Amino acid sequence: DSGVTQTPKHLITATGQRVTLRCSPRSGDLSVYWYQQSLDQGLQFLIQYYNGEERAKGNILERFSAQQFPDLHSELNLSSLELGDSALYFCASSVASVGSGNTIYFGEGSWLTVV
Amino acid sequence: GIQVEQSPPDLILQEGANSTLRCNFSDSVNNLQWFHQNPWGQLINLFYIPSGTKQNGRLSATTVATERYSLLYISSSQTTDSGVYFCAAEGATDSWGKFQFGAGTQVVVTP
Chain P
1 DSGVTQTPKH LITATGQRVT LRCSPRSGDL SVYWYQQSLD QGLQFLIQYY
51 NGEERAKGNI LERFSAQQFP DLHSELNLSS LELGDSALYF CASSVASVGS
101 GNTIYFGEGS WLTVV
Chain S
1001 GIQVEQSPPD LILQEGANST LRCNFSDSVN NLQWFHQNPW GQLINLFYIP
1051 SGTKQNGRLS ATTVATERYS LLYISSSQTT DSGVYFCAAE GATDSWGKFQ
1101 FGAGTQVVVT P
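Line order of the protein sequences matches chains P and S.
Mapping the first sequence onto our numbering, position 7 (from 1) lands on 7, and the numbers just tick up by one.
So the number in our numbering is just where the residue sits in the second sequence, counting from 1, plus 1000.
Everything labelled a hint here was simulated from the structure, so no lab data went into it.
It should be emphasised that the depicted structure is a prediction, and the values quoted were computed from it without experimental measurement.
Among these hints, one or two may not hold up.
[Said to hold, decoys possible] Dumping the calculated DSS-like pairs for lysine-lysine here, alpha-carbon to alpha-carbon at most 27 Å:
| # | chain 1 | residue 1 | chain 2 | residue 2 |
| --- | --- | --- | --- | --- |
| 1 | S | 1054 | P | 9 |
| 2 | P | 9 | P | 57 |
| 3 | P | 57 | S | 1098 |
| 4 | S | 1054 | S | 1098 |
Construct the complete structure from the given sequences, taking the supplied hints into account.
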């Protein structure tokens, strides 16, 4: 158990719908990352938050958005869903402090199927 | 951004065999990690190794930062070692926290 909690574990929804994925980082971790894993794209970095602020952005679509709340949990919102958005969405967290390295730990992922 | 390449893409091993997986990266790194994704999709952290050598049981890893590669060694492989092994790097010139994953090495260990 990595200590990173993601909900829901599985989600099936229709095209055009909107879903929210939730992540609770490990206790003490200030950084949260979101990744998308699909068969054809591999593991893609979407976005990182550090202590509530957006820190780094990757290949995140405009239909997707994320935020990190004061209690450090994070949510990834996916809207106007398309069949191609079907993927495993991972959240990861790290302490991310200078001098400690930046070891990232992954949650178990949220399987999203768009039908 | 940094590019990460892993080889070989696939590996079939008989139980008890040893193997070496390679990760090449295109730039200096602040951070490099190895992960194992098991058949259930879980990503397990194996090593944080931006440089040097580490060992954990039957697994060990070496990163030669000056030559921009890292190696993961699996010794006396077991069927539970099956899965996909990923290398992920945070480039020195990339945004802090932006990890780039390689395409992975699919390992199948047969009894």
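Hints, one by one, checked against the model:
Straight-line distance between C-alpha atoms of residue 1054/S and residue 9/P comes to about 33 Å, which puts the hinted pair past the 27 Å bound. The suggested pairing of residue 9/P with residue 57/P holds, with an alpha-carbon distance near 24 Å, which does not exceed 27 Å. This hinted pair checks out: residue 57/P and residue 1098/S have alpha carbons roughly 8 Å apart, not beyond 27 Å. Proximity of residue 1054/S to residue 1098/S is assessed by CA-CA distance (about 23 Å); at most 27 Å being required, the pair is judged to hold.
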